[in-house]
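Participant: Produce the complete structure using the sequences and hints provided.
Residue numbers (numbering that gives the first Met the number 0), protein chains in the order written: chain A, 0 to 262; chain B, 0 to 346.
By construction, these hints were calculated from the structure, which means they are not laboratory data.
Every residue, glycine too, gets a C-beta built ideally from N, C-alpha and C.
Where hints are given, some of them may not hold.
Quick look at which bits of chain A chain B covers, simulated, 3 or more residues with Cβ under 8 Å [said to hold, decoys possible]: (1) 102 to 115; (2) 198 to 210; (3) 220 to 229; (4) 232 to 242; (5) 245 to 257.
Here is how the chains run, residue by residue.
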Amino acid sequence: MKRIHVLFVAAIALVLGGVLRDAPVPHVEDAHCAMQAAHLLGCDDIGRDLLQLLWRGTALSMWCAVGAAFISMALGVGGGVLAGHSAQRRRWVDAVCMRAADAASVVPVLPLFLLAAAFVLRGANTTTRMLFVTIGLGVLGWPSILRLVRGLTLELTAAPPVLAARGFGANTTHILRVHVWPVAMPMLLAHLCADVVSNVAAESALSFLGVGFAAQDASLGRLLSSSMSSIHDHPWQFMAPALMLVVCALGVQRVGMMFDAGT
Amino acid sequence: MRRSWFIHLLSVLARRSLQLLALWMLLSALGIAVVRSLPGDPAEHFLLLQNDVAAEDLQAVRAAHGLDQPPLRQWLHFWFVAKVPWHVAVGHTDAWGMSRTHQQPAWAVMFDASDDGWSRWRWSLWLHLPPFLFALCVALCVGVWCTRPSATTKLPHALMTMTTLMLTIPSVVLTLGCVALVGAWRDGDVHGWPLLGARSTQGDTGVFDLLQHALLPWSVLMVGYVPALLRLVLVRANQVWMQPHVEAARAYGSSWWRCAWHDVAPLVFGSLCGPLAAWVPAVVGGAVVVESVFAWPGLARLQLESVQQRDVWLSVLILMVLTTVAWMATTVLDVMRAWLSPHGASR
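Facilitator: Take a look at the structure:
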């Protein structure tokens, strides 16, 4: 079982490495070409190798998703620890954090992103787009993590070992580092993986709607979007990115379940 | 007791309303900030970067969008005056901005009936509410039935595995996959069961035509909703069947379906309200994908169109309305959770 998990992690690392590759060059004479030795998955509508596009596109989507999940995690953990820790003494800090989380969690992410991206990303290059999508998804995904971490902090700081440590004179940093963090980490990693799955879906939806990556960057959503015009004549051009998206989500979810089982 | 519960409910609603008001203020400020932060002249972006634009046209756009005023004043006008900056287009003076592309108040674009007889708002409701309610009923019935004490344990396990797999399929893949599959099956034949749109172009306005067009989007939405709801129901129903009062009722001879209807289903639904409240904003946001793929004339697709046309006030207002919808659903579900919970009822 553990070997399978290692394989999943290795596969995810291999996929993430695809971002180092250059975008494939179009050859118009190869447009919509079938699967062959030179092009194992065939070519797209402007003659780009689909396998290369898929690798690079998956890497772009996954980097965005992973980066955004880490940003959400950083914001959520910071806010959650602050809220949970101040729930006893400075209740207004806890109240402000929770009301902000309540408010942020009712804003629909995709329409908000559409509004911001359509204006800000006009004429932007790949790096800017990637940063914008990553930071945007990250900044919008923190409320659920804040609630989780706040609950954990409240529960763990009232646990007998922590009360005993406090009785022996341990300071807050020590309690958070030694008693709270080791218990919370597996749960947070499982949540991180779930976040990556939802971010992959959100990024592909944004790119599909035309506000994430540009057409030449070919993230998974863009590949899906560009395959729509020839979905009946060349269904493989749709199925390849769709399958890759599902496989990525399943792989990351599997890693998350591995962490979840460890809690 | 009842009076204090009512006062508590009122205070919760008042607090939530203040939150919503703050959100509205923030979102409208965001719209203004986005436009103001554009590089170069923001007015050119409204004209979709056309090459040969006369200076008078640019000035008219600046005046129409309030760009010739300081940001704070523009924002205050949006909320409190709402007559000065946006009346240029056709002379309307309605509140909350004018739609540049539709040449009418943004509010009217969303809520007034269009040529097909229904407003954008109504089309969205018609698309999303029936499959959601149907999926909720299916999930409750199947979940409670599968976890009854006399049932085999294999079925819930199989369902949990299946729902895990289903939930990892992103909505965009699910939606496009259904369109591709049905399209291939029907071989592009639009007679009978059309793939796209909400009404036939031939002018058929009957109920059967409505149902024909809605069938595929509803099916896709239900394929997305049912696994998510079923998973929640299965987890909760397993616990509720083992609660002492349910076991006592069964020991006194109540049939399993009476226990299911009387004891288990209300508790499961009550505990479902919390996760549902957290889930609603994602569903509201995801509507953009579904409505875009199926060319459905709903609010979410209007949002995409307005963003593509740089119709900033319309898109800000749609965002505010979608946020309000999510807020209302969250508030109602939270109140229902407190009401249906055995601990919350006494509070």
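Participant: If a hint holds in the structure, say so; if it doesn't, say that too.
Facilitator: Hints, one by one, checked against the model:
{"no.": "1", "hint": "102 to 115", "in the structure": "holds (count 12)"}
{"no.": "2", "hint": "198 to 210", "in the structure": "holds (count 8)"}
{"no.": "3", "hint": "220 to 229", "in the structure": "holds (count 3)"}
{"no.": "4", "hint": "232 to 242", "in the structure": "holds (count 3)"}
{"no.": "5", "hint": "245 to 257", "in the structure": "holds (count 4)"}
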